[in-house]
Every structure is written in structure tokens, then in C-alpha cells.
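There are 2 protein chains.
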Amino acid sequence: MKHKNITLAHGSGGKLTHELVRKLFLPCFNNTALSFLGDSAILNINGTKLAFTTDSYVVKPLFFPGGDIGRLAVSGTINDLAVVGAEPMFLSAGFIIEEGFDMALLEKIVKSMKETISFTGVDIVTGDTKVVERGGADGLYINTCGIGIVNDGINLSTSSIETGDKIIISGTIGDHGMAVLSERESLGFTPSIKSDCAPLSGMIKKILASGAHIKFMRDPTRGGLATTLNEIVNTQKYGIVIEEQAIPVNDGVRALCEILGYDPLYIANEGKVVIVVSAHDAVKVCNILKEDSLSKDAAIIGEVIPEPAGKVCLKTVIGGTRIIDMLVGDQLPRIC
Amino acid sequence: MKHKNITLAHGSGGKLTHELVRKLFLPCFNNTALSFLGDSAILNINGTKLAFTTDSYVVKPLFFPGGDIGRLAVSGTINDLAVVGAEPMFLSAGFIIEEGFDMALLEKIVKSMKETISFTGVDIVTGDTKVVERGGADGLYINTCGIGIVNDGINLSTSSIETGDKIIISGTIGDHGMAVLSERESLGFTPSIKSDCAPLSGMIKKILASGAHIKFMRDPTRGGLATTLNEIVNTQKYGIVIEEQAIPVNDGVRALCEILGYDPLYIANEGKVVIVVSAHDAVKVCNILKEDSLSKDAAIIGEVIPEPAGKVCLKTVIGGTRIIDMLVGDQLPRIC
Chain U
1 MKHKNITLAH GSGGKLTHEL VRKLFLPCFN NTALSFLGDS AILNINGTKL
51 AFTTDSYVVK PLFFPGGDIG RLAVSGTIND LAVVGAEPMF LSAGFIIEEG
101 FDMALLEKIV KSMKETISFT GVDIVTGDTK VVERGGADGL YINTCGIGIV
151 NDGINLSTSS IETGDKIIIS GTIGDHGMAV LSERESLGFT PSIKSDCAPL
201 SGMIKKILAS GAHIKFMRDP TRGGLATTLN EIVNTQKYGI VIEEQAIPVN
251 DGVRALCEIL GYDPLYIANE GKVVIVVSAH DAVKVCNILK EDSLSKDAAI
301 IGEVIPEPAG KVCLKTVIGG TRIIDMLVGD QLPRIC
Chain V
337 MKHKNITLAH GSGGKLTHEL VRKLFLPCFN NTALSFLGDS AILNINGTKL
387 AFTTDSYVVK PLFFPGGDIG RLAVSGTIND LAVVGAEPMF LSAGFIIEEG
437 FDMALLEKIV KSMKETISFT GVDIVTGDTK VVERGGADGL YINTCGIGIV
487 NDGINLSTSS IETGDKIIIS GTIGDHGMAV LSERESLGFT PSIKSDCAPL
537 SGMIKKILAS GAHIKFMRDP TRGGLATTLN EIVNTQKYGI VIEEQAIPVN
587 DGVRALCEIL GYDPLYIANE GKVVIVVSAH DAVKVCNILK EDSLSKDAAI
637 IGEVIPEPAG KVCLKTVIGG TRIIDMLVGD QLPRIC
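Line by line, the protein sequences are chains U and V. Under the working numbering, the very last position in the first sequence is 336; numbers go up by exactly one each time. Under the working numbering, the very last position in the second sequence is 672; numbers go up by exactly one each time.
Some hints could be false.
Stated by the list, open to error - Result set (DSS-like, lysine-lysine): computed pairs, CA atoms no more than 25 Å apart in a straight line:
id: 1; chain 1: V; residue 1: 359; chain 2: U; residue 2: 108
id: 2; chain 1: U; residue 1: 108; chain 2: V; residue 2: 351
id: 3; chain 1: V; residue 1: 573; chain 2: V; residue 2: 542
id: 4; chain 1: V; residue 1: 444; chain 2: V; residue 2: 530
id: 5; chain 1: V; residue 1: 340; chain 2: V; residue 2: 351
id: 6; chain 1: U; residue 1: 108; chain 2: V; residue 2: 338
id: 7; chain 1: U; residue 1: 2; chain 2: V; residue 2: 447
id: 8; chain 1: U; residue 1: 114; chain 2: V; residue 2: 340
id: 9; chain 1: U; residue 1: 4; chain 2: V; residue 2: 542
id: 10; chain 1: V; residue 1: 542; chain 2: V; residue 2: 450
id: 11; chain 1: U; residue 1: 49; chain 2: U; residue 2: 23
id: 12; chain 1: U; residue 1: 4; chain 2: V; residue 2: 396
id: 13; chain 1: U; residue 1: 60; chain 2: V; residue 2: 340
id: 14; chain 1: U; residue 1: 23; chain 2: V; residue 2: 444
These are computed hints drawn from the structure, not numbers from a lab.
In isolation and in its complexed conformation, chain U is listed as follows:
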């Protein structure tokens, strides 16, 4: 390992996170189902295909425009199940709370978790509470794990991706990261920028049921759209090209990114999904998405190309083409 100590970038979801996973976790916990880099592990239990995933949430601040750590913790894990084609069923909730934490805030967060799952068919069935002394945590951290069932006939994998397949993003990018940053730094942009944090299982169920040939899905959280697209092409025999002007970005997010020097391509989303779909079905899937309020701004933003393999290219608005890499360093720590 290059670093002798853990840095914030090891938790960024970008290059150093990948290095940690590849050099430490994967060799050590070596097994076929292992999915530190995927969204969920796929397990075979007595003939049933089960998806299993975990995420810890350390977002700061705990409340932000459009959501809170509770809504985030259940949405994120539901989405990690949904993007592998699973129907989310059961969640766990593990709370690590700092001594002195306001009980009324805890109640508000727990109620937000309940409200967020209320229309998803998901139950929180097991939990745990630990309390650490003042200074031992920053208010509250939540871990959620999720279990879902992958129905017969669903088999999403990067290995079925072919040249010509289209790339869809289900809506505007960067909303979550910019909403959290705006709240954290008290920038006063809050009215126009809201986190997109939401459970996407209902919307994903619709497109899976449509019969469209969906090859692969992933939610572009930490590291943003750019990192997710790189994860898709990484070590593959194909690349991806996306068109800058086709990527939906809210005006407020665009403005704040410009002012602060951020690139929306690297900003975290918590209610969006990247879909790789056969060219034939791309418009159909996009139209289904547009009917759902969570994905009304869905757009086809690019396609799978043979060269350069393993790379993501961006055609810029002014006509240039540049290669976009995974997130390096960490622009925005503790975004989820």
C-alpha cells in the first residue's frame, strides 16, 4: 500500500478506495461472491438468488435540503440492491451514537427512515445501538445492510455489454453532493439545491418489467458519474463516450460548481441510476423513466464504443474530446 496511514481519500469511493479494496480486502476475504467493488453480492441460497449489501453513512451535516442521514441510509442500501436487479426486502439498521446526542433528533431521524421505506415494501427487521463517549463519533453514524431477491431471468452484468449499447442517466447529476456541501458551509444556496436522495426500487422495477434489454445498472454515488462510468469500463474490452451537453444538470448545481470549482461529473448522487441498455431499447427505457417523478429528467447521454478500451471519453460542448478518469483524492468528504 502506498500510504502508511488512512487518508480521507481512502473513503472517497475513488482511486484510493479502489486500491484499499484491491490490495487489502479482496486478497484477504477472497471468495467468488465478494462485492466490495460491486453494489451487492449475489448469493445462491437453496436455489434463490439473493442480493446482499452494506453501507455505513457518516454524512455531515445530519440534516440537509432534501433529506437527512436516516433517509439517506435506507435509500442508499435499497438502491444498491435495486441496481443489481434485486427486489429489496429486508434492511438492518446499526446506530453508533455519540453520548449526549439529542433524543429528539434521533427520533426525527428514525421516523424519516420509516417514512422513506413506507412505500417500498421493505422492512427494517434487525438492529443494533452502540453509544460512544463525547468525541468518539460526530453525532451519529448509521450502517444499513440489505437483502433482496433477484427474480428469475434477471442477470445484469458488465460482461453482456456490447459496442453500440446506450448509456442512460435517470436525471440531473450532482444534486446530493452540492446540497450537502451547501448546507455544511452555510452557503445559502439551499432553496434551489436539494438532495435527490430517494429509494429507486419502484422506478427500477418498472424498467426491468418492460422487457427492455438492460445490460447493467449502477448508482453513481461517491465519486459521481465519472467514477461510476470508469468502474463499468475498467479492465473491459470496450470504452464509453458521453456527450457533455446531453448530461442533465440543475442550474443551481451548475452555478455552485462553477463558483467553487467543482466538476458535477464527480459529485455524489443518491437518487440516480446509470443504465446500460441495448441501442434498440434505449428510447423506450428513457420514456418509461420520464413518467416517474424521480427520473423525469432521464436522458441518453452516450454509448459504448470499441476504442479506447477501458476508458471514458467526454465530448465537450465546444466539440473537443477528453478522457475522464476516476475521482482522485476526495473533493467532498462525508457526503454519504
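Let chain U serve as the given structure and place chain V on it in line with the hints.
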């Protein structure tokens, strides 16, 4: 809720933890499988009975005689699956790491996790890493979730417990809590006191396979043996009586408890199980346990009685009887 702010005792596993669960989590996340107070939720997935559990580990210090946070994090979750009669299969691992944490220590902990699961048949199949700034966590916290299969014919429940059933403890009590305390306070008792932290699934499989009529099991972790026995009798129409002199306690643990004024009955264990078994099979189960190195000091320590219902009584060495309650407050925060 009586308290306006979270106290360390809310994470003790004792009375305030139960209040938090009963007054906040249970009403909010209301569903039949919910097991905040049990060891694992039991779920029916396409006809397969699945056990699902979660625990966060915040033990301080991270290394202690007999184990470390990694060994603890996998053992604890494996044990929560095993005591509901499930065969542990898959674990998740979620790391919350403080910026600056020593990479070599992280590697040591991850390798300890791997070593601990190596003979259990359990795989770590999914994970997550978050990094928080200096001061945002105390080194490292680990959350693990576990999935296990409950085989046909196994149905452990407090509802099958009857008067006359025997209570077995699988070995000496208080070792884990006293080992951690001793290390934390640098008391220098370390040579004689070691944590019992270990995965018990192999040992439990043997007694389940013996055909003995085992009614219920639970691992007496936070809150110790006294709290676990109280959880078993709580709101039931029976009570439990245990004999003080039958309870195995290591000399070192007994001595340290006496010096510091702790009661071993309330000290956490991480490699022990409380078993409620029919009177007819008690000796048989105890003998099977004694053949396993992890339970060589197993003992029948008491029995189920009709009165006083809902209470745990202790017959003391000098012949008296007193009622022992759940843990109140928190004697030893961050023991697991």
C-alpha cells in the same frame, strides 16, 4: 423517553437500551420479524428460513488479550446467527475509519477477521469503507451483518420453555469484559485474563445435531449473564433460578472483579452461550460441550421455575436467595 439526550447507558445492552428499543425502534419499524431485542431476525425467503442480524463494534482498545476488534466483529455476528439455530453463511463488513489510522493496524485487523472465519465455513461477501476526519471516530469502528440458514426442524423459542428445563452456561463468565478493561486501564492482569471472543457455530452445531431438546439459546454479551437470563424470563409465566456456586468463573476474573467491585454476572462474554434445555437432555448436552475446547467448562447452573414468574433468582454460596435484575447504567462502556 425519560432522557432528553443519549447516555452511555443507552448502549449498555441493559435497561436503557431496552427502553430505547421498546419506545422508539419497535413502534417505528413495526413488523413481525423485527428483532432489535432478539439475536437475529428470522425471515422466510421462498420457503427457506433465513436468519439476519447486525452489530456494530466500537470496542476500546482495538487490541486486547485474546482478541481484537476484527476477531470480535466476526465472532459476535456469527454467534448471533448460531444461537438462533442458524448455520452462518455470509457476512458483510463495514469499516468507519478515522483519518490518520495506521494502515499496518488495519491490515492486522482485517487478517484477524479472515483467520477467525477460516474454519467456520463463513465468507465475507460484501463491504464498505468510510473515512471520517481526525476526531470523528476513535480509530476504527466495524459493523458486520450476517446471514444464516435455519435448517428444517429447528425452532428455538422462549415459548417452548417449561418449568423444570435446565440452564447451561457453556463456560466461565466475565472473561471478555475483564480482559478489555484490564487492557484499557493497563492494570497488568493481562497474563491471567483473556477474552473468550470466538465463533461458536461449530460447537452449537454439535449440540443441535445431538437430538437433545434444546429450547432456546442466547449469547450473554453486553449486560452479561444476568441481563441475558432476564431477557429470557421477561414477561413470561416462568422464572429462572441459578446457583451461584455452579457458575464457572476464572480465578483471575473473580479476583479482578472483587478488587474493582464488579459483579461477573453483569460482565460481557463474547464466546459463551446460555442454553435452555429439557431436564432429560441437560447432562448429555453438557457432556458434548465439555469435549469442545471452547466450552470445556460448561456447567448446568440452574433451572426454570414457576415462581416468581418473570424474575431471575440467585441462590448465593452462603445459602441466601436474591433477585437479580437486568444491568442498570453501564459499568463498562465500549466493551464490544
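Verification of the hints:
Of the pairs offered as hints, the one joining residue 359 of chain V and residue 108 of chain U holds, with about 14 Å between alpha carbons and a cut-off of 25 Å not exceeded. With a C-alpha separation of about 22 Å, the suggested pair residue 108 of chain U and residue 351 of chain V falls inside the 25 Å cut-off, and the hint holds. For the proposed pair residue 573 of chain V and residue 542 of chain V, the alpha carbon gap of about 30 Å is over 25 Å, so the pair is violated. At roughly 19 Å between alpha-carbon atoms, residue 444 of chain V and residue 530 of chain V fall within 25 Å of each other, so this suggested pair holds.
Using a Cα cut-off of 25 Å, the hinted pair residue 340 of chain V and residue 351 of chain V holds, with the two alpha carbons roughly 16 Å apart. Between the alpha carbons of residue 108 of chain U and residue 338 of chain V the distance comes to roughly 17 Å, so the proposed pair stays at or under 25 Å and holds. Annotation: proposed proximity of residue 2 of chain U to residue 447 of chain V holds, straight-line Cα distance about 19 Å (limit 25 Å). A distance of roughly 21 Å separates the Cα atoms of residue 114 of chain U and residue 340 of chain V; the hinted pair therefore holds under the 25 Å criterion.
At most 25 Å may separate the alpha-carbon atoms for a hinted pair to count; residue 4 of chain U and residue 542 of chain V exceed this at roughly 44 Å. Between residue 542 of chain V and residue 450 of chain V the CA atoms are separated by roughly 23 Å; this keeps the pair inside 25 Å, and the hint holds. With a CA separation close to 28 Å, the supplied pair residue 49 of chain U and residue 23 of chain U exceeds the 25 Å bound. Our distance criterion of 25 Å between C-alpha atoms is met by residue 4 of chain U and residue 396 of chain V, whose separation comes to about 22 Å.
This hinted pair checks out: residue 60 of chain U and residue 340 of chain V have alpha carbons roughly 22 Å apart, not beyond 25 Å. The hinted pair formed by residue 23 of chain U and residue 444 of chain V meets the criterion: a straight-line CA distance of about 13 Å does not exceed 25 Å.
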